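Novice: Residue numbers (numbering that gives the first Met the number 0), protein chains in the order written: chain A, 0 to 223; chain B, 0 to 206.
There may be inaccurate statements among the hints.
[Stated by the list, open to error] With a straight-line cut-off of 20 Å between C-alpha atoms, the simulated EDC-like cross-links for lysine to aspartate or glutamate are:
#1 Lys140(B) - Glu213(A)
#2 Lys88(A) - Glu35(B)
#3 Lys140(B) - Glu93(A)
#4 Lys88(A) - Asp198(B)
#5 Lys88(A) - Glu32(B)
By construction, these hints were calculated from the structure, which means they are not laboratory data. Just so we're clear, the structure is a prediction, and the values are computed from it rather than from any experiment.
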Amino acid sequence: MAADLIERFKIGLWRDNPGLVQLLGLCPLLAVTATFVNGLGLGIATLAVLVASNALVSATRRWIQPEIRIPIYVLIIASLVTCIELIFKAWFPELDRSLGVFIPLIVTNCAIVARAEIFASRNPIGSSILDGLVMGTGFALLLMAIGAVRELFGQGSLFARMDMLLGGEPMHGIVLAENGWLFLVLPPGAFFCLALAIAGKNAIDQRRQTSRNEIPRRARRLNR
Amino acid sequence: MPDRPIWKSGVTLAIIAAICTSLVAATWQLTAERIEHNQQEWLERSLRPALAGLFFDTGVTESKLTLPPPHGLPGSGPAIIYRVYAQGQPVAALFIVSARGGYAGPIRLLIGVAMDGSVTGIRILEHRETPGLGDRIEIIKSDWALQFDGRSLRNPEPGKWKIKRDGGDFDQLTGASVTPRAIIKAIRETLIYFAANADSIFARGDD
């Protein structure tokens, strides 16, 4: 059971990461990751919607006829996003203001509809919630990583404005430099960071693959 | 697979729609009060800094006036004015206007003007200027917005209501001069409007 759980997390966080491998939900991924806190905020919101939508789709999967499944997914996801938006407005108003239209736009994040179609509509509820959890975490971690890199090199700070999530006085975070490489804060910087992240993941996978192939060969040689 | 009657699909859809709607309705019930409270609090909190050093005894947002265009203030949308009083006497007016000519879209600007026509403070409410350059107009990023405190139409003289690069009195932002130009112009236009219309602003009833 525990090994299975670890395997599932490996799949969501690394092997099938929605952002890095499936390349889903790129619109919010590119748009809000100018700072770490924005990435974290949208990551949490997307994670919550994904878990809830997977749960609801899985719970109703027996009654959903294939012809009307897409409108039902849209209905479920849109209502959940509206709920999350209201919750953010009530408890994290600053963050809501900073993320702006990208919270309602979670509706259009195809990662969510994709998980409903690929996974939740065919699997029991517990497994679907777990799927939402691992995929959402994978997506959120990517948002946070890109946000951190862009904030660090683009503005010279890290974890600025965490007060939007935690409350209290405006926080400046860790300020390392007055200014940064402006290019990274602008939209093209998001594309480059994502490209580097994908390239990095592929490089690591490739190296692992070759070393995995090499070990048995070396072992055989030793045996001889 | 046998053909399922279409009404069955319709009923399923309706039931799920009803469930989803009640979910949203319940969340709204739970959050409506907090959201309303947050918005009011945010408004009060974002308006107060523009009244630095003034004594007033009314809530900032109590006496609101919305002017539909054309109103002669900067911006093409409606302009909002909050009137602030102390013991029944007008103390200052707060203008929410849009500065045009910024780098990316209108800049929502809050300008406080005391009865003697001097600026009590300005704050940027909303903008889409370039992060790292134009966004230093925000008070959290730099002190740029503070240089307008106490200024009026005669301080500096009319020809000096410009950034230094254009021969004026005001600091620009390194690497960004479009944004400051737009804001300075909007402040000056607001001060001119106040000088001409101060009496009628305070004579009108609340919204």
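Novice: State for each hint whether it applies.
Specialist: Against the structure, the hints come out as follows:
1. Lys140(B) - Glu213(A): violated (53 Å)
2. Lys88(A) - Glu35(B): Holds. Lys88(A) to Glu35(B) sits at ~9 Å (cutoff 20 Å).
3. Lys140(B) - Glu93(A): Holds: Lys140(B) and Glu93(A) sit about 16 Å apart, inside 20 Å.
4. Lys88(A) - Asp198(B): Distance of about 38 Å is beyond 20 Å: violated.
5. Lys88(A) - Glu32(B): With a Cα-Cα distance of about 11 Å, the restraint between Lys88(A) and Glu32(B) holds, given a limit of 20 Å.
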